[in-house]
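**Student:** With these hints in hand, go ahead and build the complete structure from the sequences.
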Amino acid sequence: MTCIPAATERSLGLVIDLDTCVGCQACVTSCKEWNTGGHMAPLTDMKPYGGGVDGVWFNRVHTLEHITDAGGRTVHFPRSCLHCAQPACVSVCPTGASYKRTSDGIVLVDEDKCIGCKLCSWACPYGAREFDVDVGVMKKCTLCVDRIYNEHLSVEDRVPACVAACPTGARHFGDLGDPNSAASILVEERGGVALMPELGYEPTNRYLPPRARSERAPKVAAAALEDAAPQGGFLGWVDRLLAR
Amino acid sequence: MSMRQVRGANSAPSQQPLLSPHAPEEGDGVDTSPAIGDRVAKTTCYMCACRCGIEVHVRDGKIRYINGNKDHPVNRGVLCGKGSAGIMQHYSPARLRKPLLRTGPRGAGEFREIEWDEALSIVTERLGRIRATDPKKLAFFTGRDQSQSLTGWWAARFGTPNFAAHGGFCSVNMATAGLYTVGGAFWEFGEPDWERAKYFMLFGVAEDHDSNPIKIGLGKLKARGGKFVSINPCRTGYNAIADEWIGIRPGTDGIFVLALVHELLRAGRVDVDYLARYTNAAVLVIKAPGEADDGLFVRDDEGRVLAWDRVRQMAAPLDDPDLAPAMTGGFIVGGRSCVPVFQLLAERYLDAAYAPDAAAERCGVPADNIRRIAAELAHVAFEEAIELAVPWTDMAGRRHETMRGRPVAMHAMRGISAHSNGFQTCRAIHLLQVLLGTVDVPGGWRYKPPFPKPPPPGPKPAGKDGGKPDTPLSGMPLGFVHAPEDLLVDGDGRPVRIDKAYSWEAPLASHGMMHTVIRNAWAGDPYRIDTLMMYMANMAWNSSMNTDETMKMLTDTDEAGDYRIPFFIYADAYYSETVAFADLVLPDTTYLERHDCISLLDRPISHADGPGDAIRHPVVQPDRDVRPFQSVLIELGARLGLPGFVTEDGSAKYRDYADYIVNHERTPGIGPLAGWRGESGGDIGRGQPNPSQLDRYIANGGFWHHKLDPDQRFYKMANPAYLEFAQQMGFVLKVEPVVFQLYSEPLQRFRLAARGHGPVQPPESERARIEAHMDPLPIWYAPFEQAMVNPAEYPLAAITQRPMHMYHSWGSQNAWLRQITSQNRLFVHHDLAAELGFADDDWVWIESVNGRVKGQVRLVEGVERNTVWTWNAIGKRRGAWALKADAAESNRGFLLNHAIGDLLPADGSGKRYSNSDPVTGQAAWFDLRVRLRRCEPCEEGFAEPSFDALPLPPSIPPAPEKLSFGAEFRRAFGR
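Going down the list, the protein sequences come from chains U and P.
Under the working numbering, the residues of the first sequence are numbered 49 to 292, in order.
Under the working numbering, the residues of the second sequence are numbered 55 to 1029, in order.
Since the hints were derived computationally from the structure, they do not count as laboratory data.
Treat the hints with care, since some could be wrong.
What the hints assert, rightly or not - A short, non-exhaustive set of chain P residues, derived as facing chain U with CB atoms under 7 Å:
id, residue
1, S87
2, C134
3, I141
4, I270
5, W870
As the list claims (entries may be wrong) - DEER-style ranges, computed between Cβ atoms:
id, chain 1, residue 1, chain 2, residue 2, range
6, U, E199, P, L155, 52 to 58 Å
7, U, D226, P, I752, 48 to 54 Å
8, P, I752, U, E199, 23 to 29 Å
9, U, L243, P, R453, 54 to 60 Å
10, U, L243, P, S87, 49 to 55 Å
11, P, T447, U, E199, 50 to 56 Å
12, P, S746, U, E199, 31 to 37 Å
13, P, D749, U, E199, 28 to 34 Å
What the hints assert, rightly or not - Stretches of chain P that chain U covers, calculated by requiring three or more beta carbons in the stretch to come under 8 Å of a beta carbon on chain U:
id, stretch
14, 271–281
15, 291–301
16, 793–802
17, 940–954
Since this is a predicted model, take the numbers as computed values, not measurements.
For each residue, glycine too, the CB sits at the ideal point set by N, CA and C.
**Tutor:** Put into structure tokens, the structure is as follows:
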């Protein structure tokens, strides 16, 4: 049983725009690429060139179809740790390996304390935990804790790898505990939602929903096309137009 | 908050670093500032054809991380799923390690390693003999490389007309239709105005044409509230986020577009002034049925095309600045009856055959939707026009206080291109753009310099004489024909080229026809060759139609027991399926180990706001005995003594590709790279070679980009401020307007030949086909295979889509990318599945007139009901790409190519034409018709067809059972 801080100074997290995610996997592989040499390195891949290949990924994109009476929609849904305010993965951890940072709210795993019992992966309802069978420890999204404060990077590059890479600009980052942060303002403007809030884990990350179909087709106030010259014929009309 | 420099595409406030991006006091021992690499190299990505700028972080000689270059005009800092997995491509276990010489039967994959000197001696001896006797006996075809200005020049210097790159099986329909119509083309030579478009139509686009610019653009467009309409049978990728998805039937986009044209004409919602100024809509066309000049333009004694002046009541040159053109009517000029192009155009498309109700039956888009979309297009183009406060003067001397924009943009690619009606369909889309006045205007579709160029383009293809011993061609092997006289056919009308490009079967085959080479060489039709040399094209697998038979043709022997294709040289960096079929394998480097140039002479990285080009340079040195193919080609050129590759004393003119990039001049002052020319590096476009040029590129991030002045950025087709710059840069020969060819006179010249006029005549058997398809105004006809097979027997269309995280067959050797997709499914609409009684995961036979393939289905809603599709090139041959025998790719994944014919069914005369567009020769991949049948229980669980496993070549170790990539970087920091 590991304690969760009553409050954190900041609540860092991601904001993901499902209206513009095209499912290109850029966030998935840029995350893998950064993190396999980063704080939780390596992100081991078992049978990487064979059947049953199975690797550690901190971020995965699922493609789903949502079918309603109004028609279907294909949705690309990126899934990673939501850095919950009440993370069940932390509270169930028997060794204190899983913990939530009080300074920025990032949920991390201390590998030296992890015994690989997998209780956290059972507890997490979002499937955000990734067990490295080779090393025998649980791994997960670090919110690029080794990028966002990294003094070796120019300031402009101190954002999570997935946010930097995303080609459609569908990923955002910031302090979601600060209502005045750009990320919080975006969530407010776009009606961002938390995933499965009813479970009570208070996830920090937010998803911006696809625009409803009625809104998705922006109003093009186009009147139906009328015949240009119902009496005189179209061809005469063209030259009259030119003659003006 | 201090002012921060904001660069790159992802620069919204919510994508910025924290206000105080420094580690807080947490006390948990986390190292928040590990060193990343010991150096950063800025070069160009090659994980697909998009050519993004990348920053490669290197630690102890090993690649640690790759991210996008924020300053690069293509990707502005972002990087796609492929580019971000470049490390695993660079360290692929399938990398070839040393030249290989075949030891077993061809196709068995049995080789011994040889030294480079022996390999190059074998090639030199063989090609030297060919060149001294009959150079066309060398067929040199390259794949998805980006060095065609070198490889084409090499072939020309060698003297063989038998050269092309992969465009013939990729998107030549788009390039040719664009270049002959508007003097530019989608993707490579033009792009939507992502900053200003309010309405965007995307037709049939594969993710890699164009990758990151489209993604960046869609993000911006949607953020501004623009409307995005996608036309695609499948709701994948980009189509998933469209505001309106039109699940059209494959191959019917042309009739859909022409119905939009019908609606706009009917309502008079076309930009008549724009048509008069920038197109040949007013040009007079001779009406003299049965005569030799029927359908040609009326010209004056100086050869200028004429229009009718309504005020002066006389014919006058189109470029007369005082012309008051008549767009309609009938006139007599020089005793000939004639009518303006626009009259012909309006007569054709106002016909009920092009009305939405007629189109709806073919394309499956409800007529009301077609009418609504036409109304939306007209509304945005004309009621929501935009004006940029940029004064400019057009070619006729008219001063404009603003640049008017019609914010309707379009982009189209593979889904249009890969049909046998793709050329005419692409012409139809350009016609729609032009009628709305949206080409190179703010908010529309914009040229990327060096385009536009006057249509029809030049130069013409060389090699009509078939090549002469020890003699270079008179020009480049690929070019553009304007009339039957330009075809590469002999006196009897037979093809000169092995691929039959520029013959009566494919007159405007501007990119050649790589997909026909192996069959034609095997059949000796039109003749036998000696050596086939290919680079980076997986012709024994996913790059061929009819893959099974193609493999047999590569290994077939004649009566004497000799291979019908006597010698096959293949260059590739990886152990692709095709390697096993080579007699000699030349191993290439990875993209991080080589020099390349992304040249204005070829396929540059220009932006609509200005020209650009780029390089690759070695970030790390190869740990294998491999060489960049371009440097190998340059050495072969020197060994063979090819003019241009040797100095006067016979020694090698260029040390390697890097030396060539800097010092080669195609014409005086113009070389592969446009930036930092001249001895001091102060010139752009034209200038003496600069020995420090590559250093300047490297210092600038691996690219050069010139930003046009604001008054040069639009209306480039008629904007002297731009055209004078273009002429100085060598983009155009002279400062003259680029006139859009709504009516294409070169096509009419072929029709006249088909009617018996002119000195170069088609064989009798080709006349009807030429007459039908070389229509000078865009037409729609049913794709050939659709029209030839019995729809009751083969009721479904079958196509492929490209996974966004894969580039053709390359991705499966990448440990990360293959984890995202290692088995492809056949996607089937729920309603169709219900009709056929299929459930998810059922194994089915996909049967066509050409063959059958077995795979596993997945039910979806987002697909046109009678279309089935799968991911391209996921299925692999067992053993290839260094994958293990149990890899899903070769056990459960399947390759649709086995069901796609490279030939059409026999026509009435028994002739089997290439499965290609009859105008350009473009491979018609997406015309496939199939039926589905559930397989027997005993057939479940494995894909078919299946082939013998390929053995790994010598010295390539088996791929590892585990990857702990990156652990070493962590250790390096003492953790």
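**Student:** Next step is simple, just say for each hint if it's right about the structure.
**Tutor:** Hints, verified against the model:
With a least beta-carbon distance of about 4 Å to chain U, the hint placing P:S87 at the interface is held under the 7 Å criterion. The beta carbon of P:C134 comes within 5 Å of a beta carbon in chain U, closer than 7 Å, and the hint placing it at the interface holds. The closest approach between the C-beta of P:I141 and any C-beta of chain U is roughly 6 Å, which is under the 7 Å cut-off, so the hint is satisfied. Annotation: P:I270 was flagged as interfacial toward chain U, and the flag holds, the nearest CB pair being 6 Å apart, inside 7 Å.
Annotation: P:W870 was flagged as interfacial toward chain U, and the flag holds, the nearest CB pair being 6 Å apart, inside 7 Å. Separated by about 53 Å at the C-beta atoms, U:E199 and P:L155 satisfy the suggested range of 52 to 58 Å. Taking the beta carbon of each, U:D226 and P:I752 are about 42 Å apart, not inside 48 to 54 Å as hinted. For P:I752 paired with U:E199, a C-beta distance near 26 Å keeps the hint of 23 to 29 Å intact.
Against the hinted window of 54 to 60 Å, the Cβ-Cβ separation of U:L243 and P:R453 comes to about 58 Å, which satisfies the hint. Between U:L243 and P:S87 the beta carbons are some 32 Å apart, a value that contradicts the proposed interval 49 to 55 Å. For the pair P:T447 and U:E199, the beta carbons lie near 53 Å from each other, so the given range of 50 to 56 Å is met. Restraint check, P:S746 to U:E199: a C-beta distance of roughly 34 Å satisfies the suggested window 31 to 37 Å.
At about 30 Å, the beta-carbon gap between P:D749 and U:E199 stays in the expected band of 28 to 34 Å. Under the rule that three or more residues need a Cβ within less than 8 Å of chain U, the assignment of the stretch 271–281 of chain P holds, with 8 such residues. For the stretch 291–301 of chain P, the assignment as covered by chain U holds, since 7 residues bring a beta-carbon within under 8 Å of that chain's beta-carbons and 3 suffice. Restraint check on the stretch 793–802 of chain P versus chain U: 0 residues with Cβ-Cβ distances below 8 Å, three needed, restraint violated.
Requiring three or more residues with a Cβ within less than 8 Å of a Cβ of chain U, the coverage given for the stretch 940–954 of chain P holds, as 4 such residues are present.
Going down the numbered hints, you'll see the structure goes against 7, 10 and 16, while the others check out.
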